[in-house]
Amino acid sequence: MAPAAPTFAELFAGQYQSLVRLAGLLGADDPEDIAQEAFARLHTRRLRDDAAALGYLRATVCNLTRNRLRHLRIIRLRRPEPPEHARSSEHAVIVAEEHRELLAALDTLPRRQREALILRYWLDLSEREIADAMGVSPGSVKTHASRGLAALRGKL
Amino acid sequence: MNDLEERLRAALDARAATFEAGPTAWMKVQQRAGRRRWAWPVLLAALPVALVALLVPVLLNGGQDGQVTMGPPPKPAPVGEALVIDNPAEDRPMRLWYANDEGGLVVLCLTVQYAGGSSQSSCGDNAGAQAMKDYGWFEGTTQSVPPRETVLDYGGARKDVAKVTAVTKKGSRVVGAVHQPSGAPMTMKIWTVVYPATDQVTAYEFAAADGTLLSRVARSVDMPTESERGKPAGAATDLADLSVRPYSTPDRTLIWTFDGRELGMNLVRAKDLMRDMGGQPMDVELRVNGEHWFGVARQDTARMELIRKDGTVLKGVVKPDPWKIGVRLFAGERPFSGDLYLEGFTLVGYDSSGKQLWRDDHPADKPQWDPHPPIGEVVTIGEAKVWFSKVTLADGRTWDGLCRSVAGEKTTCDAFQPVAAGDAKRLPDLGKSAIGVAGSEVTQVEAVKSGTRGSVYAPSGAPLKIWVVPNRGGSERFALQNAEQDTVATVGGSAPDKCSVSPPVGQAAALGTGATLTHQDGCLIIWTDNGRFITEKHKIDDATYEFRSDFLAGYAVVKTAKVELIYDDGSRVTATLTADPWGLGLTLFSARSTKSNLDASVVGYDAAGKEIWRR
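First to last, the protein sequences are chains G and E.
Residue 137 in our numbering sits at position 137 of the first sequence, and the numbers go up by one each step.
Residue 269 in our numbering sits at position 269 of the second sequence, and the numbers go up by one each step.
Check the hints yourself; a few may be wrong.
To be verified - Pairwise CB distance ranges, derived in the manner of DEER restraints:
1. E:353 <-> G:14: 45 to 51 Å
2. G:14 <-> E:231: 45 to 51 Å
3. E:346 <-> G:156: 56 to 62 Å
4. E:353 <-> G:142: 29 to 35 Å
5. E:171 <-> G:67: 48 to 54 Å
6. G:14 <-> E:212: 45 to 51 Å
What the hints contain is simulated information worked out from the structure, not anything from laboratory work.
Positions of the beta carbon are idealized from the N, C-alpha and C atoms, including for glycine.
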């Protein structure tokens, strides 16, 4: 018999930090807000398959971050303030010099390519899992990821 | 993996590490979710908000391979004994214990298990600071959405507190239980109160052993019901004994009530109606609460059955929804006690021609952990549940045990040595009844003096039988008879001392002379090398010890700073003192006896060297 599905509290204890980081990597200006909203939404869902909860959380984080970035873009159009993906000076100091060029290049990629690379190379998800999180077909995941890598290679 | 991929991975790791989770995240999630509909079982642990802020979800292990385990050690690690309490809200054992949080503060923690196999742990606020402010305080409740029939509230108390009483809005009073976990920090206690969910508790009163009221604490926490949070979105309709009505919460939700009390709900918004999270269609969405089973099913369902593990078929009432949502409503009763999920069941739906449309299997679910897993069937005797289990003693040996629990009370197990087919043993009384275990030949029991006839239970799958006779107290003997009404065993006199049948399972203090001392449930017992206890005591006065030919071991009042063994020839041996690990304020002592042929006195001194007791 398969191990029991995790409880909500277990999911929170095991995944909250990771989902905050995922939201941060995807460019959210307030990653904790995104992760908390994802858990709050999960809590209102009656799942037939509790094992699907983690996939739901990832997909929600991707969706919410996307919506948030879209909202921020609209705000900026009206009031041109911080540039997209502007990291705080604290982040800039913390992330080592050797990674900055690569991360700066990553930040310039189209949204889907960036998401595919983060889900693949940071979370080590399968194509199926990445497709579920991004809300795209598994076939297109490979395309987004390979184009993203090629673009990165060209920028460095 | 090529170099770019490796660099990308490292860069993402480095950036990810700059995003940290804040300490109040759990509270914020609960606050956000609390404004909406809850689909997962929710434990309202430790409100008000200031307390919620420090809730820490704890990851549990357990539940592997469907095996009921004795239970993973509670996390964070208990300081003192972790109580196992019968939780009437879920009909499963729960744990309550004191622990130190990461900052070293004393906190009160609990783990609750839910029907369906999940569990949740949380710890409250700084209990040590609470104890400095008040005699007793509220920590949390098992109130949940959907509500259960019974609620258990719990909290902490100073050692002076002997009684807790909940005062309800109607003015009635519910007496709770006050537990003293062995070894708890600052000898703090834990209290529990069990009451019907329809009552609203407004305050708790904490009293001393002599009845003096020590403090009164208001309880302001009450969970708004779903219907209070939402707006009606249609007229109510009746189904069996239940009533169901759509609400906007703001999602379209059906809320089921019985006699005005909310039993459960089904989310029926159009965008994912009767679909699981993966978008797959669902045949049925069942809710079970108390004696009722109900919910929504596929629209073409005309008839429904709930088939129990033993093959018993329960028929539900099925009705189209009058609000054109696109589901069938169903409801039924289950005229039996016990946990449907624990025994397993199947739901079957049929169309109007009687053809089976769907089948939804719920295999037997076992609790993730149970410190006293039942061997055989659990028997209900009055308000108590009684079952056989194994008891692990302080020295690691395992005895057979008969466990008992009453809602909100600490679960205890009385250990006993093997009982033959034609024999019986008496155990400590169960309320106002004498109780014991008997071998397979025993079929009847009777009190010899009063002639009162009792009952003999034969729980299926259990190794022995259980006999019970109402008893007015005093000395009485009980005749155990076989099917031919021949008396095969007589037991009785007085009920056995709790300590003599409940060898402690808690922390033992090694005294250095091969003896150990244990304390649990008021029993202080000195054990020798071979594991047999040699003395016991409930009330601690000045000093108690065991003096054998080769050793001395015992315990004395806290003022004792030195203990000497003084032989008749004037020679002296100074005993080694050991700290009391249970917070009882005792001094434990032991010494090797070198002159077994001489009589001796045992003398205790205070820190100034003054003799304070002599035996």
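How the hints compare with the structure:
no.	hint	in the structure
1	E:353 <-> G:14: 45 to 51 Å	holds, 48 Å
2	G:14 <-> E:231: 45 to 51 Å	violated, 37 Å
3	E:346 <-> G:156: 56 to 62 Å	holds, 60 Å
4	E:353 <-> G:142: 29 to 35 Å	violated, 49 Å
5	E:171 <-> G:67: 48 to 54 Å	holds, 52 Å
6	G:14 <-> E:212: 45 to 51 Å	holds, 48 Å
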